[in-house]
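Peer 1: Spelled out, the chains give:
2 protein chains.
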Amino acid sequence: MSALGSTQSAAQAHTPSGLKIPVLAVVGVGLIGGSFAAALRKAGAVGRVLGAGRRVQTLAQAQELGIIDEAVSLREAAERADLILVSAPVGAFPSIFAELGASLSDTALITDGGSTKQNVVEAARIGLGARIGQFVPAHPMAGSHESGPQAADANLYAGRRVMLTPLAENRPEDIVRVELAWRVCGARVIRLDPAGHDAVMAAISHLPHWIAALYMQHILQSADPAARLEMAGPGFRDFTRIAAGSPEMWRDIFLANRQAMLDELSSLRTVFDRAEQALQDGDATWLCDMLETSAEARRGWKGPAV
Amino acid sequence: MSALGSTQSAAQAHTPSGLKIPVLAVVGVGLIGGSFAAALRKAGAVGRVLGAGRRVQTLAQAQELGIIDEAVSLREAAERADLILVSAPVGAFPSIFAELGASLSDTALITDGGSTKQNVVEAARIGLGARIGQFVPAHPMAGSHESGPQAADANLYAGRRVMLTPLAENRPEDIVRVELAWRVCGARVIRLDPAGHDAVMAAISHLPHWIAALYMQHILQSADPAARLEMAGPGFRDFTRIAAGSPEMWRDIFLANRQAMLDELSSLRTVFDRAEQALQDGDATWLCDMLETSAEARRGWKGPAV
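Protein sequences appear in the order of chains C and E. Residue numbers are given in this note's numbering: position 132 of the first sequence equals residue 132, and the series is strictly consecutive. Residue numbers are given in this note's numbering: position 54 of the second sequence equals residue 54, and the series is strictly consecutive.
Some clues are possibly wrong.
Repeated chains share a single entry, so a pair holds when one copy, or any two copies, can fit it.
[Said to hold, decoys possible] Once the Cα atoms are required to be at most 25 Å apart in a straight line, the calculated DMTMM-like pairs of lysine to aspartate or glutamate come out as:
#, residue 1, residue 2
1, Lys302, Asp193
2, Lys302, Glu230
3, Lys302, Asp238
4, Lys302, Glu292
No lab work stands behind these hints: they were computed from the structure.
Using the sequences and the hints given, assemble the complete structure.
Peer 2: Okay, here's the thing in structure tokens:
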């Protein structure tokens with residue numbers, strides 16, 4: 001893909017990185033895709049922005065907001081784009097990769113915004129076939145409870161971490177080019193392997209969401225949910241914030257990362273059981289030690305990986 | 001207690017409520033006690049503020065900060081104060097009530113800032129004996145992860161909810177007077193019974209803290225805690241914020257509210273087990289329905305009870 005990482009002086013005038021993407025396509029024009037397009041446009045790194053997606057109305061909205069220049073089919077995106085970001089719900093990836101794979105130009109690169117990586121890579125292998133080397137998987141850690149094109153923000157990725165999980169089939173220069181695109185968005189890119197990525201994500205992202213959602217269920221199934229919710233304070237607010245996230249997106253994530261999630265739940269259960277026993281026994285020392293190490297770890301935490 | 005709710009015009013000039021407390025004592029001069037004293041002083045509702053507590057250094061600090069005028073023993077507080085706020089860790093309440101009960105003047109009223117109420121009332125009945133009617137229990141919902149005299153804030157209670165759980169032995173006018181003191185601090189006071197209070201608190205405050213602390217344990221016991229914490233993002237940040245709270249305070253709360261907590265944990269387990277089964281089965285419909293109702297409830301929540 002000659003256009004990415006170009007050294008033309010015209011491109012350099014716009015972006016110190018030298019990145020110029022004549023045609024960018026985003027599949028899914030919401031928070032992740034819309035922000036990617038907006039950030040690259042703001043940096044002067046893109047020519048034309050194509051948008052593809054299931055809903056005509058959402059694409060029209062993205063166009064009105066100036067996030068995309070043109071709504072296209074997946075086939076057109078595959079044929080015309082130099083770089084394609086797939087930022088749809090993970091469950092839709094198999095069919096998207098299949099459609100892209102059927103028409104993908106030789107020079108196009110694909111990256112994605114999926115929150116899980118092993119299953120995304122698997123879907124890409126099936127859909128893209130021999131073109132798998134053109135796909136450099138990524139996971140931008142820049143979620144929000146907001147969604148849709150109106151949530152798109154050119155600064156969303158500023159200082160945020162993007163995990164890149166390159167494949168053995170990727171050409172080194174293609175990895176560098178995709179990495180550069182994310183960096184031009186303002187992101188800090190780190191590389192790791194897909195399985196390691198998924199285990200870490202299950203622990204520090206997916207499990208908290210699972211627990212927050214189930215805790216809300218627990219409250220809803222209590223004797224008087226309204227009275228309880230009425231009394232809830234700032235601790236409840238923060239603890240449950242992530243439970244407001246997109247049900248479809250999280251369903252896909254949990255199913256996609258099922259084995260890692262089940263492993264997490266199994267060891268979490270051991271911790272819960274031990275603590276419940278201590279509470280039952282009135283074991284003040286155990287409880288205080290536990291609370292102490294947890295509080296210490298949380299206080300010592302350096303803040304979100306941004 | 002004639003001083004509370006006084007109608008003297010001098011007092012009225014300071015506080016529209018007419019509240020004048022010649023001598024206020026706070027037992028525990030940290031966030032809760034310090035803020036109570038500061039709020040009443042700001043409203044012009046107190047004459048002299050006495051401070052009692054275990055640590056000489058903390059009392060000295062509170063005096064330097066102008067939160068209290070004088071550090072005293074519990075006995076002096078009991079003899080001299082018109083209103084006493086007990087805002088120490090709940091585990092210290094039995095000995096505090098015993099000491100206060102031995103010297104309490106006929107006209108003094110006591111209220112408290114304890115996060116549980118049944119055990120506090122029990123401790124008060126033992127410690128205060130025949131003077132139990134002088135104690136009007138309260139729970140101000142104004143926690144913070146900050147603590148100590150330097151965290152005291154005259155505006156902490158502004159718009160916050162304070163749950164008052166009066167006793168059968170309280171004189172109606174004494175309940176009204178204690179309620180007025182909290183209202184002068186800016187709080188919105190609601191009344192309920194101690195057992196109902198504890199069940200609600202277990203569900204919406206204590207259980208989230210329990211889970212957040214155990215989740216941190218789970219991460220600390222994983223293969224590579226540092227790598228996981230390094231990757232954690234804004235979702236993790238909010239979900240675990242409350243785990244940084246005071247270990248001693250929370251140990252006391254969990255033990256004090258043990259039965260309500262065990263009841264909560266038992267029904268939470270049912271919810272967790274059902275969901276894990278759905279994940280194991282790859283039951284996308286069940287998962288999506290669950291996530292949908294949780295997200296809907298969280299989105300529809302009106303915000304913290306302030």
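Peer 1: The structure should be examined with respect to each hint, and the outcome stated for every one.
Peer 2: Hint by hint, here is what the structure shows:
no. : hint               : in the structure
1   : Lys302 with Asp193 : within (24 Å within a copy, 42 Å between copies)
2   : Lys302 with Glu230 : between (33 Å within a copy, 8 Å between copies)
3   : Lys302 with Asp238 : both (18 Å within a copy, 13 Å between copies)
4   : Lys302 with Glu292 : within (18 Å within a copy, 33 Å between copies)
In this structure, none of the earlier numbered hints is contradicted; all agree with it.
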